[in-house]
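Novice: Here's the letter readout for the chains.
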Amino acid sequence: MAGTGKAHLHPEGDALLRVEDLLVEFPVGRTGLKVNAVTGISFDVLPGETLGLVGESGCGKSTTGKAIMQLPRPNGGSIAFGGQELTSLAGEGMRTLRTNIQMIFQDPISSLNPRRKVTNIVMEPLNIWGIGTPEERLKKVNEVLEAVGIDPERAASSRPYQFSGGQCQRISIARALVLDPKMIICDEPVSALDVSVQAQVLNLLEDLKAKFGLTLVFIAHDLAVVKNISDRVAVMYLGKMCEVAKSDDLYLRPAHPYTQVLLNSIPVPDPKVRPTGNQRVQGEIPSPVMPPSGCRFRTRCPIAQDRCAAEEPQLQALGDDHYVACHFPLRTAN
Amino acid sequence: MTAPINRPQEGTLLELRNLRTHFSTARGVVRAVDGVSFTLDRGKSLGIVGESGSGKTILARSIMGLLPKRGTIRHGEVLYAGQDLASLGLKGMRKFWGQEMSMIFQDPMTSLNPLMRIGHQISEPLRVHLDMDKVNARATALKLLQDVGIPEPEKRLDQYPHELSGGMRQRAMIAIALACGPTLLFADEPTTALDVTVQAQILDLIQDQRRDRNMSVILVTHDLGVVAGHTDEIAVMYAGTLAEKASTTELFANRKHPYTEALLRSIPRLDQPSHTRLLAIGGRPPDLITPPTGCRFAPRCPYAEDKCRAEIPELEAASADHSFACWHPVGSPRWQSKQDELVSTGVLSASGGIA
Numbered sequence: 001m002a003g004t005g006k007a008h009l010h011p012e013g014d015a016l017l018r019v020e021d022l023l024v025e026f027p028v029g030r031t032g033l034k035v036n037a038v039t040g041i042s043f044d045v046l047p048g049e050t051l052g053l054v055g056e057s058g059c060g061k062s063t064t065g066k067a068i069m070q071l072p073r074p075n076g077g078s079i080a081f082g083g084q085e086l087t088s089l090a091g092e093g094m095r096t097l098r099t100n101i102q103m104i105f106q107d108p109i110s111s112l113n114p115r116r117k118v119t120n121i122v123m124e125p126l127n128i129w130g131i132g133t134p135e136e137r138l139k140k141v142n143e144v145l146e147a148v149g150i151d152p153e154r155a156a157s158s159r160p161y162q163f164s165g166g167q168c169q170r171i172s173i174a175r176a177l178v179l180d181p182k183m184i185i186c187d188e189p190v191s192a193l194d195v196s197v198q199a200q201v202l203n204l205l206e207d208l209k210a211k212f213g214l215t216l217v218f219i220a221h222d223l224a225v226v227k228n229i230s231d232r233v234a235v236m237y238l239g240k241m242c243e244v245a246k247s248d249d250l251y252l253r254p255a256h257p258y259t260q261v262l263l264n265s266i267p268v269p270d271p272k273v274r275p276t277g278n279q280r281v282q283g284e285i286p287s288p289v290m291p292p293s294g295c296r297f298r299t300r301c302p303i304a305q306d307r308c309a310a311e312e313p314q315l316q317a318l319g320d321d322h323y324v325a326c327h328f329p330l331r332t333a334n
Numbered sequence: 001m002t003a004p005i006n007r008p009q010e011g012t013l014l015e016l017r018n019l020r021t022h023f024s025t026a027r028g029v030v031r032a033v034d035g036v037s038f039t040l041d042r043g044k045s046l047g048i049v050g051e052s053g054s055g056k057t058i059l060a061r062s063i064m065g066l067l068p069k070r071g072t073i074r075h076g077e078v079l080y081a082g083q084d085l086a087s088l089g090l091k092g093m094r095k096f097w098g099q100e101m102s103m104i105f106q107d108p109m110t111s112l113n114p115l116m117r118i119g120h121q122i123s124e125p126l127r128v129h130l131d132m133d134k135v136n137a138r139a140t141a142l143k144l145l146q147d148v149g150i151p152e153p154e155k156r157l158d159q160y161p162h163e164l165s166g167g168m169r170q171r172a173m174i175a176i177a178l179a180c181g182p183t184l185l186f187a188d189e190p191t192t193a194l195d196v197t198v199q200a201q202i203l204d205l206i207q208d209q210r211r212d213r214n215m216s217v218i219l220v221t222h223d224l225g226v227v228a229g230h231t232d233e234i235a236v237m238y239a240g241t242l243a244e245k246a247s248t249t250e251l252f253a254n255r256k257h258p259y260t261e262a263l264l265r266s267i268p269r270l271d272q273p274s275h276t277r278l279l280a281i282g283g284r285p286p287d288l289i290t291p292p293t294g295c296r297f298a299p300r301c302p303y304a305e306d307k308c309r310a311e312i313p314e315l316e317a318a319s320a321d322h323s324f325a326c327w328h329p330v331g332s333p334r335w336q337s338k339q340d341e342l343v344s345t346g347v348l349s350a351s352g353g354i355a
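Protein chains in written order, with our numbering: chain A, 1 to 334; chain B, 1 to 355.
Take the hints with a grain of salt, since some may be wrong.
What the hints assert, rightly or not - Distance ranges between label pairs, derived from CB positions: (1) B:Ala26 / A:Val289: 48 to 54 Å; (2) B:Gly283 / A:Gly213: 26 to 32 Å; (3) B:Ala317 / A:Glu153: 45 to 51 Å.
To be verified - Covered stretches of chain B, going by a simulated chain A footprint (3 or more residues, C-beta under 8 Å): (4) 104 to 116; (5) 166 to 176; (6) 190 to 200; (7) 222 to 232; (8) 246 to 253; (9) 257 to 264.
Source of the hints: derived by calculation from the structure; they are not laboratory data. The beta carbon of each residue, even a glycine, is placed where N, CA and C say it ideally should be.
Produce the entire structure from the sequences given, and follow the hints as far as they go.
Specialist: This is how it looks when you write it as structure tokens:
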């Protein structure tokens, strides 16, 4: 996979968020080694779009989400939000800008303060920024709670543990919405939820996106969920970008062997679909401390050749907004 | 390998008769499992599916006798190869654990002992239950690690759990569970903590081992996709009771219970275009201290009427391999009229799929 390159980026100015050559590394103790969490990925998100980021654990998708928020600051590359460069922004400037980008996390219960009333949790951002009078704040809080389907009266008298996991995720979403952000980064928001509740939260995100004109970055490992909610999907592997395409196109005609393998691994709720054991990927993701040379997926790739070890593939266009970083893609340009 | 040779190959292995597991708590009695009956044949696999809190894990643990004594109230019979396990105490159950039945848990990191080498953890049941000596146990452990497909098995024997990846830890857990050649293997959400690529590998592994060893497998999961390709039969649990039980092909082709239907409709599917509206199940599962009087799914069921709220439907056999507990199953007149309503209001497409 694994490639670098920026062929897939839209013209500057079109995108709300534009990430170029993002580099995030973590030191490994005092060994002098480093974890190559994200190595030179580029992507952009158009206003009003939902971009899905998928990949296995350790592919750097959550790190990417946090790097956008400058948590921690990336080691290299540029991140522009609405034309404003975030990597050089510090102090008050960054603080103000963060009100425009909010995050929702995987575990809804641990991301809410257990000792506070739900209304106060959701109101906190307004208090911090001193927005409106106390009455106006309460009105705003009740509005967003209504929008996510939580009874404001119950929220005023209850703490997070009195709500179910799905309801806590709704509360987290309300807290993210209360400052009227332009973009929400959703980091595995439905992974901890039951299928029935997962469907409720996915539908809610779609509704809120339309109602508040949001742009979403949706990070998840479940390809079926990502396909459902995203306009475009970016597939990541070991800190690199594999393939970027419109979501229906990606699932119908995957071009990267890794995307194909991921799709084949999904259990299909239909016993007539026979498991395709021979097309499954063997082994596990290599260590990001010493990633393979060339294409990082080559060690598990069913069609890898010598060239894949020597040369890193660049993202190339296949037409119709479909890009792939592979020397031997499963399909060629239109 | 180490399994007793004279085991029958066919026939009923496990039979539950009206099994009930309740817990007494400060708030009242929680009816976690409330009257479950089914049979499982040797060499077959059964999937138990349900939302969190449906009692599927408690059911598996009740069968294995892995619940705390204190506060647990158990009724009903668990017949394992004709013997009632429910009446056995801790001492009696020890004979069954490992050699007859064993369990794989969801989180391999917290289920393995972090201070003990992998080889030691696999040989422990061999030494305790099968009386093997150290050398033999180590050799068998090595063979087991090879069976479950761990790369470089010799090296792994002397490693600790933290040195293994999540997928490898789950393989080691499976090796421990298989060590004494059990006849019945429980897998409680064995792949929920794993990546989708590794999940596929682990499910295939359990399937292969079942075939090779003629084991019965009970796979507990919330994911209908996981059971579809990997079990012979499926039992759908809701609020401590069985809603529907059928062979896997029958269940997916001809589902009868509205809850099964609702579960299947709420899953995002790859064959649907993106931004397809999902049919979520409204509300949430009932409180098991005071469950609804009639059918437990009635408060969330789009087809429910007064009878559903008043009388409990029994699990009845519709055919040899299909039973369900519902007054207005899928295909009934009431279901049909409600279905037409949903189609006319545009919630469903005419084909019955999601609009």
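Novice: Does each hint fit the structure? Answer for all of them.
Specialist: Structure-based check of all given hints:
| no. | hint | verdict |
| --- | --- | --- |
| 1 | B:Ala26 / A:Val289: 48 to 54 Å | 50 Å, holds |
| 2 | B:Gly283 / A:Gly213: 26 to 32 Å | 30 Å, holds |
| 3 | B:Ala317 / A:Glu153: 45 to 51 Å | 47 Å, holds |
| 4 | 104 to 116 | violated (count 0) |
| 5 | 166 to 176 | holds (count 3) |
| 6 | 190 to 200 | holds (count 6) |
| 7 | 222 to 232 | holds (count 8) |
| 8 | 246 to 253 | holds (count 3) |
| 9 | 257 to 264 | holds (count 3) |
The earlier numbered hint that this structure contradicts is number 4, and it is the only one.
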